[in-house]
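Read top to bottom, the protein sequences are chains A and B.
Okay, so the first sequence: first residue is 1 according to my numbering, each after it adds one.
Okay, so the second sequence: first residue is 1 according to my numbering, each after it adds one.
Derived by calculation from the structure, the hints in this document are not laboratory data.
Where a beta carbon is used, it is the ideal one built from N, C-alpha and C, also for glycine.
Heads up, some of the hints might be wrong.
Between beta-carbon pairs, the in silico distance windows are [stated by the list, open to error]:
id : chain 1 : residue 1 : chain 2 : residue 2 : range
1  : B       : Glu63     : A       : Glu58     : 32 to 38 Å
2  : B       : Gly58     : A       : Pro308    : 57 to 63 Å
3  : B       : Val14     : A       : His321    : 57 to 63 Å
4  : A       : Thr176    : B       : Val38     : 30 to 36 Å
5  : B       : Val14     : A       : Arg31     : 37 to 43 Å
6  : A       : Arg97     : B       : Ile77     : 52 to 58 Å
7  : A       : Pro193    : B       : Gly58     : 36 to 42 Å
8  : B       : Pro62     : A       : Arg124    : 15 to 21 Å
9  : B       : Val14     : A       : Arg121    : 24 to 30 Å
10 : B       : Glu49     : A       : Ala91     : 40 to 46 Å
Output of the computed footprint for chain A on chain B, the stretches with three or more beta carbons under 8 Å from beta carbons of chain A [as the list claims (entries may be wrong)]:
id : segment
11 : 15 to 25
12 : 28 to 42
13 : 47 to 58
Okay, derived cross-link-like pairs now, EDC-like style, lysine to aspartate or glutamate, Cα gap no bigger than 20 Å in a straight line [unchecked claim]:
id : chain 1 : residue 1 : chain 2 : residue 2
14 : B       : Lys16     : A       : Glu58
15 : B       : Lys76     : B       : Glu57
16 : B       : Lys16     : A       : Glu114
17 : B       : Lys16     : B       : Glu42
18 : B       : Lys16     : B       : Glu49
19 : B       : Lys76     : B       : Glu48
20 : B       : Lys16     : A       : Asp55
21 : B       : Lys16     : B       : Asp4
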Amino acid sequence: MTPDAAITGIGLVTPAGGTRESTWDTVCAGRPTAAPAAGLAGLPVDFACEVPAFDPVEATGNRRAWRLDRYAQFAVAAAREAVADAGLGPAGWEAGRVGVVVGTAAGGVATFAEQQQRLQRNVRLVSPLTLPMFLPNMAAAQVAAALGARGPCLQTGAACASGAVAVASAVDLLRTGACDVVIAGAADAMVTPLCAAAFASLGALSRRRDAPATASRPFDADRDGFVLGEGAGILVLERPATAQARGATVYAHLAGYAATCDAYDIVAPDPEGRGLTAALREALDTLDRTGIPPSGVSYVNAHGTSTPLNDRVEAAVLARHLPADTLVSSTKGVTGHLMGAAGAVELALTALTIARGTVPPTANLTHLDPAVHLAVPTVAQDRPVAAALSVSMGFGGHNTVWALTR
Amino acid sequence: MAEDLYQRIADTLVGKFDVDRRDLGPDRSYADMGLDSVSIVELFVMIEEWWGLALPEGTPLPELTPARTVALVAEKIRA
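Sequences and hints are given; from them, build the entire structure.
In structure tokens, the structure reads:
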């Protein structure tokens with residue numbers, strides 16, 4: 001069995017950097033990005049991981065970028081980088097054969113909140129752009145418009161697994177032959193007062209206000225919650241034969257995917273990890289059919305949110321099914337939790353791990369939780385990685401596992 | 001006041017709506033200057049917010065010109 005798709009382009013806009021390379025460098029250096037957020041001043045949790053120095057006009061190439069919500073600006077910026085990286089563009093592709101799938105957990109929530117305030121002041125102040133900025137499909141639609149992609153244009157929503165699910169939908173479009181190229185990933189911009197207050201109300205956020213840089217500490221014994229982040233990750237996907245025929249550089253291949261739902265609780269993972277176990281087994285089985293057994297998996301980019309419950313459940317499932325020397329890290333120690341964008345950004349980082357032979361570390365890990373029986377590197381390690389996994393989980397009980405190969 | 005308002009509209013057309021300065025004119029309609037229908041409504045939301053007023057319902061916005069907008073706002077402020 002051959003892999004379903006080749007990753008031929010990557011674009012990243014994250015708290016770790018406004019581009020693929022700046023993000024990769026910060027992630028590999030293990031430099032945390034959480035800091036006080038001006039927009040959250042006065043709230044119970046007033047820090048986050050924000051995209052640094054983002055100029056919407058420059059990043060999107062659109063002088064009217066203010067007509068896009070921040071989450072869609074991130075998506076367009078990352079998509080432009082990914083498509084340029086793949087050596088593709090409107091001049092060289094058949095537009096009707098190019099699809100776009102961009103997931104999001106929330107859509108344009110900052111726009112929604114701002115317009116709600118304007119409505120309360122005076123109904124006449126409500127912008128006609130409210131819906132074209134807020135709607136969750138608009139990141140995908142703006143990416144399609146920016147790049148002139150005229151094939152299927154979709155949005156996926158599976159909370160913090162949205163990005164992983166978007167890539168699965170994209171691979172389906174390649175597999176059925178509906179598209180020759182799919183631009184796929186996810187974007188979110190949820191560092192807003194309402195979202196921060198709501199996550200704090202759930203008890204999901206770290207309260208480490210005195211030392212925000214150390215707050216996102218996946219798998220650490222002293223972790224106390226996740227850190228809200230924002231950004232976008234976009235991949236260019238092609239059938240392996242198409243990529244090979246045009247001589248494209250391939251970061252990695254998408255070799256197996258599985259998704260399940262816990263059907264257990266809307267916010268907490270199943271404490272037994274049954275849904276994640278089922279997804280992991282299925283992804284490993286698919287990988288096995290390409291000739292790589294579970295012992296061939298040398299790296300896992302874990303969901304690793306830094307919440308007490310997530311990391312414990314996820315670590316137990318991974319430890320049961322993978323060899324003891326498989327390296328497992330959570331890049332959220334650096335980036336914070338990018339919500340729906342997390343799955344896409346982390347899939348991209350996993351592809352870069354394979355392409356570059358460097359395993360990124362888990363930042364802020366000083367005392368491994370004694371309940372976590374995994375090999376978690378705290379500094380970047382150079383080693384060849386032939387096969388790797390990327391795990392995502394989301395509110396609603398979503399579990400996804402992607403298997404990537406060289 | 002009329003000159004200030006015209007200037008503010010002109011600056012907004014160029015700065016926010018990406019109208020080429022060469023296409024600007026006090027007597028050109030917003031539609032002729034390249035604004036789509038949503039942009040024209042957005043422009044009037046801004047104008048109403050700046051001056052804290054409500055323009056008459058049913059004003060045919062796409063056919064309006066900056067000069068006519070200035071006159072409408074001046075009438076409203078006097079009223």
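Evaluation of the provided hints:
The supplied range of 32 to 38 Å is met by B:Glu63 and A:Glu58, whose beta-carbon atoms lie about 35 Å from each other. About 59 Å separates the C-beta atoms of B:Gly58 and A:Pro308, a value consistent with the hinted range of 57 to 63 Å. Taking 57 to 63 Å as the suggested C-beta distance range, the pair B:Val14 and A:His321 conforms, at roughly 60 Å. The given range of 30 to 36 Å is respected by A:Thr176 and B:Val38, whose C-beta atoms sit roughly 35 Å from each other.
Distance hint check: the CB atoms of B:Val14 and A:Arg31 are about 41 Å apart, consistent with the given range 37 to 43 Å. About 56 Å separates the C-beta atoms of A:Arg97 and B:Ile77, a value consistent with the hinted range of 52 to 58 Å. Checking the proposed 36 to 42 Å range against A:Pro193 and B:Gly58 shows it holds: the Cβ atoms sit about 38 Å from each other. As the Cβ distance of B:Pro62 to A:Arg124 is approximately 18 Å, the hint placing it in 15 to 21 Å holds.
For the hinted restraint 24 to 30 Å between B:Val14 and A:Arg121, the CB-CB distance of approximately 27 Å keeps it satisfied. Take B:Glu49 and A:Ala91: their Cβ atoms lie about 42 Å apart, and the range 40 to 46 Å holds. Remark: the segment 15 to 25 of chain B is confirmed as covered by chain A, as 3 of its residues place a Cβ nearer than 8 Å to a Cβ of that chain, reaching the required three. A stretch counts as covered by a chain when three or more of its residues have a beta carbon under 8 Å from one of that chain; for the segment 28 to 42 of chain B and chain A the count is 3, and the coverage holds.
Given a C-beta distance limit of less than 8 Å, the hint that chain A covers the segment 47 to 58 of chain B holds, as 3 residues qualify and 3 suffice. Between the alpha carbons of B:Lys16 and A:Glu58 the distance comes to roughly 14 Å, so the proposed pair stays at or under 20 Å and holds. Distance check on the hinted pair: B:Lys76 and B:Glu57 sit about 13 Å apart at the alpha-carbon level, within 20 Å; holds. Restraint check: the Cα-Cα separation between B:Lys16 and A:Glu114 comes to about 19 Å, which is no more than 20 Å; the hinted pair holds.
A C-alpha spacing of about 11 Å is found between B:Lys16 and B:Glu42, which places the hinted pair at or below 20 Å, so the restraint holds. For the suggested pair B:Lys16 and B:Glu49, the alpha carbons sit about 16 Å apart, so the restraint of at most 20 Å is met. Distance check on the hinted pair: B:Lys76 and B:Glu48 sit about 11 Å apart at the alpha-carbon level, within 20 Å; holds. Using a Cα cut-off of 20 Å, the hinted pair B:Lys16 and A:Asp55 holds, with the two alpha carbons roughly 15 Å apart.
For the hint pairing B:Lys16 with B:Asp4, the CA-to-CA distance comes to about 17 Å; that is within 20 Å, so the pair holds.
Violated hints: none; the structure is consistent with every hint.
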